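Q: Sequence:
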Amino acid sequence: MRNPFITDRPLTEQDPFYGREALFQRLQDALLEGAQCFFLFGKRRIGKTSFLNQLPLRLGSRYEVYHILWGETPSPFQAPLQALLSEMALALGQKAPSSLAEDLASLGQALRGIQEGVPEGHVALFCFDALPIRALEETTWVHACEALAQALPQAPSVALLIAVEGNPEEMTRPLEALPGRTMVLGPFSLDDTSDLLMFLTHGTIHFDPESVRRIHVLSGGEPLFVQHFGRLLFEARERHGWVSLPDVDRAAERLVEEASAEFETLWQAASPLERVVLCVFAERIGNQGLGTAEDVMLHLTRAHVRLSSEAINEMLDRLKKRGILEELGGRIFRIRNGLFFHWIKQTQSLATAVRRAPGVHTIRQRPVSPWRHKRVDWVSVILSIVALFLVGAIAFVWRSREVHTLWTATPTPEEAPASGAPS
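Each position in the sequence shown, counted from 1, maps to that position plus 41 in our numbering.
Hints are computed from structural coordinates only; laboratory data are not their basis. You may find that some hints are simply not true.
Distance windows between CB atoms, simulated [to be verified]:
| id | residue 1 | residue 2 | range |
| --- | --- | --- | --- |
| 1 | Arg153 | His184 | 48 to 54 Å |
| 2 | Thr342 | Thr53 | 24 to 30 Å |
| 3 | Pro399 | Lys136 | 50 to 56 Å |
| 4 | Ser285 | Asp232 | 20 to 26 Å |
| 5 | Glu62 | His184 | 20 to 26 Å |
| 6 | Arg67 | Asp290 | 21 to 27 Å |
| 7 | Glu143 | Arg397 | 22 to 28 Å |
If you're wondering where the values come from, they're calculated on a predicted model, not measured in any experiment. The beta carbon of each residue, even a glycine, is placed where N, CA and C say it ideally should be.
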C-alpha cells in the first residue's frame, strides 16, 4: 500500500481531508445568509491552503471558487484595492482595470463588471491566499477592505475571502473592527488527530489510544506534524500492523531532526526576550513544559538572571498570541508543540539566550565563606566536646594505672611497732 500521508505539498480536493467540518459548515451557512466578505486567520503551515482547496468540493456546484495566491501577484501591497479587483477580474478572464477611483459608486461599477463574468445563478468566491497579518494594521489595507465590503452588496454574485497568515490575537485592533466575518483555523482537536490517523490507515495499521494521544501532544495538533507522524509510523510499522508508545517516541526523535529547519525559522522569528522564556520552559526539570510566570521568575533567579515580572508576563502573552505557548488555565502555560519543546532542549541554552538578549542582566554573586551563613547545631557540638573529654579522661586514667600512679590522697605513714609489743 502506498503511504497515504502527504507532507510535501498542500492537500487538494482529490486528497483525503479530515477535520474542519464545523468551519466548512459555518462558511456555507454564512454564504447562504448573504454574507460576502470573510477573513480566515491561521498561523503559518496550519493548513489554510489545504482548507481553501477543499471549498469547491464542500460548498457545492452553486459556488465558483477562485483560489488566488498572493505570491503570484506583482506587488499587491502598494495599492491593495487595485490589486484585489485586478486579480478578481483576471481570474474570470477579464481585463484588469487600469485605474480605479475609490468612491463607492466607482467600486460598485467595477464589481458589477466582474459579476458579468459569473454564470447566472452562481456565486463567485474569490479566495486570496495569504495576506500577512501586519497588512491589516496598515491604513491603506483597512480602508481598502472597508470600501470593498461596502460596495459588495451591489454585486450579490461576488464574495471575497482573504486568508490571513497569523492569529487574530496578534492584531492590535479588535476583530469586530474588520468589515466582514472572521474565522480562525486553529490546531486539530484530539478527535481530528485520531480521525486523520485512523481513517488513512484503516485496515493496515492500528493505533492504540495512548499512541494517538501522544502524537496529538507532541504535534500540538498541527496538521502538518500529524501527517509527518503518520508518514514515519506507516513506513516503520506497516508490516507489523500496530503502533505503540515506543514507536511514537522513536518517530518523534527522527522528526525533531527532520523538522530542524522549520523550528529554526520559528526560533529566529521570536524576540530575544521570548527566547529566554522559551529556554526556561525547556530547561526546567520534571515539568513537561509546564510553568507559570512565578516559575519562570524562580528559575531565572536561581540562574542569577534579573528580569522583571512585568516583562515575563508580557513575553508569555506574546508567545500565547502567536500560538507557541498554550494556556491551560490559571496562568499555567506550556509549549504547544512538543516537538519544538524537545528541539529547544537539544539545541538551545538559557545562558546563550541571556547573553544575546539586550536589557537582561546577570547578577554577579560575591564569594561568600561557607561558614558565614551555615547553620551550626550547637547541641551536637557540645555533645561532641563532652564525648572527647570523656574519652581523653578514660585514656589518661588507663595510662596512669600502667605506670602505677594512683589517683588517691598521700598515704598515711605507718608507725613502727613498740619494742616488746605484739606484732
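Q: Each hint should be assessed against the structure and marked as holding or not.
A: Status of each hint after checking the structure:
1. Arg153 - His184: 48 to 54 Å: 21 Å, violated
2. Thr342 - Thr53: 24 to 30 Å: 52 Å, violated
3. Pro399 - Lys136: 50 to 56 Å: 52 Å, holds
4. Ser285 - Asp232: 20 to 26 Å: At 21 Å between Cβs, range holds.
5. Glu62 - His184: 20 to 26 Å: At roughly 35 Å between Cβ atoms, His184 and Glu62 fall outside 20 to 26 Å, so the hint is violated.
6. Arg67 - Asp290: 21 to 27 Å: 37 Å, violated
7. Glu143 - Arg397: 22 to 28 Å: Taking Cβ atoms as reference, Glu143 and Arg397 lie about 46 Å apart, which means the hint is violated.
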